Amino acid sequence: MTRCARGRRRFASLLLVMGAAVLGAGCGERAADVTVVRFWAMGREGEIVTALLPEFERTHPGIRVDVQQLPWTAAHEKLLTAFAGDATPDLCQLGNTWIPEFVALGALQPLDASIARSSVDPHDFFAGIWDTNVVGGQVYGVPWYVDTRLLFYRRDILDAAGISAPPVSWSEWLHALAAVQAHAPPGRYAILLPMNEVEPLLALALSQDDPLLRDGGRYGNFRSAGFRRALTFYVDMFRRGYAPPITASQLGNVWSEFGRGTFAFYISGPWNIGEFQRRLPAAVQNAWATAALPGPSGPGTSTAGGSSLVLFRASPVKDAAWQLVEYLSRPDIERRFHAQTGDLPPRRSAWNDPALASDVYARAFRDQLERVKPAPTVPEWERITDEMQLVAERAARGEWSVDEAVRELDARTDRILEKRRWMLARGARD
Amino acid sequence: MRPTRVAWWFVGPALCVIGVFFVVPVAAALVMSLTDFDIYALADWRNLRIVGLSNYVELLQRPLFWRALGNTVYFVAVGVPLSLAASLGAALLLNSPLARFQPFFRTALFAPVVTTVVAVAVIWRYLLGTRYGFINYALGAIGIAPVDWLGDPHFAMPAIILFAVWKNFGYNMIILLAGLQAIPRELYEAARIDGASSLAQFRYVTLPVLTPILTIVAILTVAGYFQLFAEPYVMTQGGPLQSTVSVLYFMYEEGFKWWNLGNASAVAFLLFLLIFAVTLLQMRQARRSGVWQ
Amino acid sequence: MRARPAAFAVNAMLLGASAFAVFPLLWMLAASFMAPGEASTYPPPLVPAHATLANYRELFAQTGMGRYLANSVLLAVAATTLSLVFNVMAGYAFAKLRFTGRDRIFKLMLGALVIPGQVAMVPLFLLLKHMGLVNTYGGVIVPALASIFGIFLVRQYALSIPDDLLEAARIDGATEWRIFRSVVVPLLKPIIVTLAVFTLLGTWNDFMWPLIVLTDRNLYTLPVALASLAREHVQDNELMMAGSVLTTVPVLCVFLALQRYYLQGLMMGSVKG
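Chains as they are written, first to last, in my numbering: chain Y, 1453 to 1882; chain F, 71 to 363; chain G, 450 to 722.
In isolation and in its complexed conformation, chain Y is listed as follows (with noise of 0.2 Å):
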């Protein structure tokens, strides 16, 4: 019995060493001298950030990179639980809507110091796109590619219908859906708008000149004349059954889809130039084209959106992570970047570039980034954001007309914006 009990005692220990070794573990890790910068990235540009690292360690010895990528719908969760429990990274991809939010809470830190020391110039980048970063009169990130909304369609399907060029006004839209509509068997659709995303209809919206938000982002202004007119063109599309009520996820693989022809036309951004080079097969390549966004009786607007590199103010490493924003902003490192994602550099400047210019499907981009508006700034877009895409679901589906569907949705927003409105009456910053 007493063997029996020393090896229950040596058990013990051995249990207690192991829960000490388990609690303090995982609590962040520090080697002698090297300088951890922890680095959130979403979606492809996650990826392919990872490949440009290795250059940036070798010319910064003593900073080491961790990456950590998040999907898109992850994101913002994950950023607030972060920032809740304390655990923000040290830098990090953020969407630009997302800035006023975050700087609503106190958790970017302020960029103005460390820009005029270094060489990023902020007169290179678009003006639009640089207002989207600056909050209070102070920077807070870094514009690190630009992103609108924009069409994808394929021509041959156009062609085959009687369209020869694409549509530019949402008449000529309309005309060009119908046609593609006609000739189309079963089964395939004139536009894939898929109902989780918000952005087609934004873009629409954005088009008008009725601002989203009324009385400077205190109430929603849904109501207006304008928006009416971009959700019942929005809703018309399905309800005309030109597109398919149903989610990205349901449809399976887009890409595959769209080289299939099971659609003519996707709203969608810069990513998919390059996904759709590499994806589709051979006998698609030459037969899809972008071109920007129809409007009501012309050219269109479209968002203006893009992710920026912002340093968090907990950070304990923000001049090592400084460093790699510049590294990533150094022209060209982002020529790099922006040829493997396919994505648009937010600098005149790097627009001249040979590659960039004569990328066919890029020319609608730069077209389109002239004509782009900025969603609200103000922290609660993206809670507005989702109720809109889950107001236009209904609305798409039949459920609501779009009478209902805008004043529901203008009462959804007047009571996310209570707190807001409650904070600049007792004064608070805007």
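Be a bit skeptical, because a hint or two may be false.
Said to hold, decoys possible - Okay, derived cross-link-like pairs now, EDC-like style, lysine to aspartate or glutamate, Cα gap no bigger than 16 Å in a straight line:
| no. | chain 1 | residue 1 | chain 2 | residue 2 |
| --- | --- | --- | --- | --- |
| 1 | F | K327 | Y | D1838 |
| 2 | Y | K1871 | F | E128 |
| 3 | F | K327 | Y | E1529 |
| 4 | Y | K1871 | F | D222 |
Hints were generated in silico from the structure; no laboratory data involved. These numbers were taken from a predicted model, which means no experiment stands behind them.
Once you have looked at the hints, place chains F and G on chain Y.
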């Protein structure tokens, strides 16, 4: 046996953990539900407001809350009887003296319980796929048109119910099996000698002995099913058209997606009150019908 | 004589039910060996045309599943062993030791079983933040160190330990610790194994709490990584299946090896309770 102080050393650690990591947070949640604690308040304490019961009042006026409640009640009302029927049926089959390879069948039927929800939800999401999923293929073989299980708001919750029943029926099956095995064979023999058919044997021998256990199992299953979360989270993300948003999923979104912690805590407490009320009702019903002490 | 068709019916139904239960798991296994894209063909295939390990290779090479597997193993084993210590001691004490308020506390704890765990999640997260445990292994393990259900199971079983045995040891002058170590624990072995299997399965499969607490990808457990992977790689079904296999097979093996204890424990707990 004399009371000992040493006893506190035995229970101390566990009680400490439960106290600090369960009781305190629950109490804090109650307090939080009376404020509008949100991400602004996390950033700066001065942005916090005490709002009393207005979180609860607002919640009861939000259509999405009622929708979530409706979805959850639907899930419980259909899922629990289905699950119990499956568990009871499987237990009866396993208990039958005619059954062979009992251990093998028992293991096979219990296997889904052991798996992790995430892994099997991925499989089921695929099996329920509209074009390439097996279920539609099998339905097609008997002449039924393909169903858009995860995309059609009318079919998404039934798909989740089917999935949940598949995943969980083995658990109750084991418990009911234990209950069945406790019934002495002589009772069945006696009934058979007296000329009772299988059905009569079931009604007069099995059911009376099984009813207490069945009641407990039912109560626990109902309470468990009210806490539906993982399946909608992995399979449908609450969609399509929020037809699979359960109360806990709604709480998760409020709390961890948008960080409206005051609201989320209020939802959690409302759910707790609901489960508590339903459980009490069930227990009172059981006691009244003489099933229990 | 009438037994033959009846026996056939019973066994056929059992076979059918088992097929229903096991088919998705078998299909998961089959699909994990299929070539990328093969699963999304019509009619849906039951077996791979040419079995390939490509998915598993990609899983370990590209997505780093090896790391997540290690995390899951580490966390499950650590949580199980540590929580066993806490729960067994407490369960025995509630059964056999006397202290003030013993029965009242126990009843309260049973009542607390009704409270859904998710009520506590948000404040617990904030509490762990203040303790610096967010995004660490500790944050996952520490709340699981003691569980009311575990204490209940142990207590029910420990009630059956004969009091005379304990009294005799006390009269002999043994301390409570000595009695616990030498007399009680060997007697509790069956329920300890049951509880160990229960806790192991529970922690391995736990998904919601690690999802919330862990932000650093290196610390993810398999279910969390799989959930994240499932959202990213919506198209790569075969890769997902390989990931599911990796997440499911270890627990299935543990279950198959120890199912006797696990099922016995469930059945015992239910009949006694």
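Now for the hints, and whether the structure bears them out:
For the given pair, F:K327 sits about 11 Å from Y:D1838 by alpha-carbon distance, which is consistent with the 16 Å threshold. At roughly 14 Å between alpha-carbon atoms, Y:K1871 and F:E128 fall within 16 Å of each other, so this suggested pair holds. Taking the CA atoms of F:K327 and Y:E1529, the gap is near 5 Å; set against the 16 Å cutoff, the hint holds. For the given pair, Y:K1871 sits about 35 Å from F:D222 by alpha-carbon distance, which is inconsistent with the 16 Å threshold.
Hint violations for this structure: number 4 only, all remaining hints satisfied.
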